[in-house]
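First residue of the sequence shown? That's 1196 in the working numbering, and the numbers climb one at a time after it.
Incorrect hints may appear among the rest.
With a Cα cut of at most 30 Å, we get these calculated DSSO-like pairs of lysine-lysine [what the hints assert, rightly or not]: (1) K1223 to K1258; (2) K1327 to K1475; (3) K1459 to K1258; (4) K1335 to K1362; (5) K1252 to K1475; (6) K1239 to K1256; (7) K1335 to K1368; (8) K1239 to K1335; (9) K1258 to K1411; (10) K1223 to K1252; (11) K1253 to K1223; (12) K1244 to K1411; (13) K1391 to K1256.
Computed beta-carbon distance windows for the label pairs [what the hints assert, rightly or not]: (14) K1391 to G1430: 18 to 24 Å; (15) K1244 to Y1306: 34 to 40 Å; (16) K1476 to K1362: 28 to 34 Å; (17) G1430 to Y1400: 33 to 39 Å; (18) D1305 to S1251: 40 to 46 Å; (19) G1254 to A1478: 16 to 22 Å; (20) K1368 to K1223: 40 to 46 Å; (21) D1305 to S1394: 34 to 40 Å; (22) E1228 to D1295: 49 to 55 Å; (23) D1305 to A1478: 22 to 28 Å; (24) R1300 to I1268: 16 to 22 Å; (25) D1381 to D1420: 30 to 36 Å; (26) F1454 to N1267: 34 to 40 Å.
The hints are simulated quantities; they were obtained by calculation from the structure and are not laboratory data. Where is the CB? At the ideal position from N, CA and C, for every residue including glycine.
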Amino acid sequence: MQTLFKRTTLTLIFTLFSLSSFAHTQCKMPKDEVLTIGCSYGCKYFYRKALYRFASKKGYKLKLVNMLAENNIKFEELDGIVMPGGADINPEYYKNRVEDELRTRIEELDYLVNYSAEGDMRDPFEYDMLQKYFADDKNKDLPILGICRGMQMLAVSQGIPLIVDIKEEIGIKNRRYLLDRVYLNDEPSLIKSILKYSSFRGYKYHHQGIRIDYFKQHQAERWPDIKLTAYSNRGRIAEAMEFEGRPILGTQFHPEIDFWTERKRIFSWLLDQSCENHNKKMANIHR
1196 MQTLFKRTTL
1206 TLIFTLFSLS
1216 SFAHTQCKMP
1226 KDEVLTIGCS
1236 YGCKYFYRKA
1246 LYRFASKKGY
1256 KLKLVNMLAE
1266 NNIKFEELDG
1276 IVMPGGADIN
1286 PEYYKNRVED
1296 ELRTRIEELD
1306 YLVNYSAEGD
1316 MRDPFEYDML
1326 QKYFADDKNK
1336 DLPILGICRG
1346 MQMLAVSQGI
1356 PLIVDIKEEI
1366 GIKNRRYLLD
1376 RVYLNDEPSL
1386 IKSILKYSSF
1396 RGYKYHHQGI
1406 RIDYFKQHQA
1416 ERWPDIKLTA
1426 YSNRGRIAEA
1436 MEFEGRPILG
1446 TQFHPEIDFW
1456 TERKRIFSWL
1466 LDQSCENHNK
1476 KMANIHR
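Using the sequences provided together with the hints, build the complete structure.
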């Protein structure tokens, strides 16, 4: 009974905090100021298109920064961060933080990992970036949108392991060029406050994902401030991830390629949260 009460209380606190602090609200910027969004690995065409399009509609002047290329950029120089999709994450970043049996299984499936030069560059940079981000409360207002690999790296940075290959491990097709029906959890969440509805079709291109069973087994003691808030394929693939106390949204689906409402609302949320962060920083400077 005490455990049930504790979990219910944590869920309620998480929900109320997320909705009150990071729900999608409109924001205005002074006309002579510029919103700076960092892309952990250069934002390609569809990301740039979405960000510039919706920034223009809001009257924001926008600057995109390739964080990996510049390397020495500081969090205080950014108003928001996008972690785009891309290469597989090297299992070295998560297999040694799990129990022996699971580590052995991950190693057995190593032949299914698509190692790449992109991954070799991004893995250490993004992992280190997130360690620094979460270690400092000064970054608590800096919003992050992590898409596909970006959401997976958010998980890995917290010690949450990945499914190495969806087809091999859970017996369904790897999600390449597919539209999956995504269902949001019944309880209130950040993504539900952004989208305003409970299901939609999301564009998918991935063969890995968060290891849901492991996350749920250890959530209460290891990750009480993290929540998976949307799923597809009968609950077998996590589609959205949120963090208590931080304006972070991870999506396994690709809203930048989705030309429906999800694209507009998710990128508008990031831009408005970035605007709020920018205005707070400017207010502190001028005190």
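Against the structure, the hints come out as follows:
For the proposed pair K1223 and K1258, the alpha carbon gap of about 16 Å is at most 30 Å, so the pair holds. The straight-line distance between the Cα atoms of K1327 and K1475 is roughly 21 Å, inside the 30 Å bound, and the hint therefore holds. A threshold of 30 Å between alpha carbons decides the hint, and for K1459 with K1258 the separation of about 19 Å falls inside it, so the pair holds. For the suggested pair K1335 and K1362, the alpha carbons sit about 37 Å apart, so the restraint of at most 30 Å is broken.
For the proposed pair K1252 and K1475, the alpha carbon gap of about 22 Å is at most 30 Å, so the pair holds. Simply put, K1239 and K1256 have alpha-carbon atoms about 19 Å apart, close enough for the 30 Å limit, and the pair holds. Between the alpha carbons of K1335 and K1368 the distance comes to roughly 37 Å, so the proposed pair goes past 30 Å and is violated. Taken as a hint, the K1239 and K1335 pair is honoured in the structure, with Cα atoms around 26 Å apart against an allowance of 30 Å.
Between K1258 and K1411, the direct Cα distance comes to roughly 38 Å. Violation of the 30 Å bound is thereby established for this hinted pair. Distance restraint check for K1223 and K1252: the Cα-Cα separation of roughly 12 Å lies within the 30 Å cut-off, and the hinted pair is therefore satisfied. Straight-line distance between C-alpha atoms of K1253 and K1223 comes to about 8 Å, which keeps the hinted pair within the 30 Å bound. Restraint check: the Cα-Cα separation between K1244 and K1411 comes to about 36 Å, which exceeds 30 Å; the hinted pair is violated.
For a cut-off of 30 Å, the pair hint linking K1391 to K1256 stands: about 27 Å separates their Cα positions. Taking 18 to 24 Å as the suggested C-beta distance range, the pair K1391 and G1430 conforms, at roughly 22 Å. Evaluation of the 34 to 40 Å hint for K1244 and Y1306 yields a pass: the beta carbon distance comes to about 36 Å. Checked against the hint of 28 to 34 Å, the C-beta distance between K1476 and K1362 comes to roughly 45 Å, which is inconsistent with it.
A hinted range of 33 to 39 Å is violated for the C-beta pair G1430 and Y1400, which are about 20 Å apart. Between D1305 and S1251 the CB atoms are about 45 Å apart, so this pair conforms to the stated range of 40 to 46 Å. G1254 and A1478 have their C-beta atoms about 19 Å apart, which keeps the hinted 16 to 22 Å range intact. Between K1368 and K1223 the C-beta distance comes to about 45 Å, which sits within the given range of 40 to 46 Å.
A hinted range of 34 to 40 Å for the beta carbons of D1305 and S1394 is consistent with their spacing of about 35 Å. E1228 and D1295 have their C-beta atoms about 53 Å apart, which keeps the hinted 49 to 55 Å range intact. Hint check: D1305 to A1478, Cβ distance near 50 Å, so the stated range 22 to 28 Å is violated. A beta carbon spacing of about 38 Å between R1300 and I1268 contradicts the range 16 to 22 Å that was offered as a hint.
Look at D1381 against D1420: about 20 Å separates their beta carbons, and that is not inside 30 to 36 Å. A C-beta distance of roughly 36 Å is found between F1454 and N1267, which places it inside the suggested range of 34 to 40 Å.
The structure is inconsistent with the numbered hints 4, 7, 9, 12, 16, 17, 23, 24 and 25, although it conforms to all the rest.
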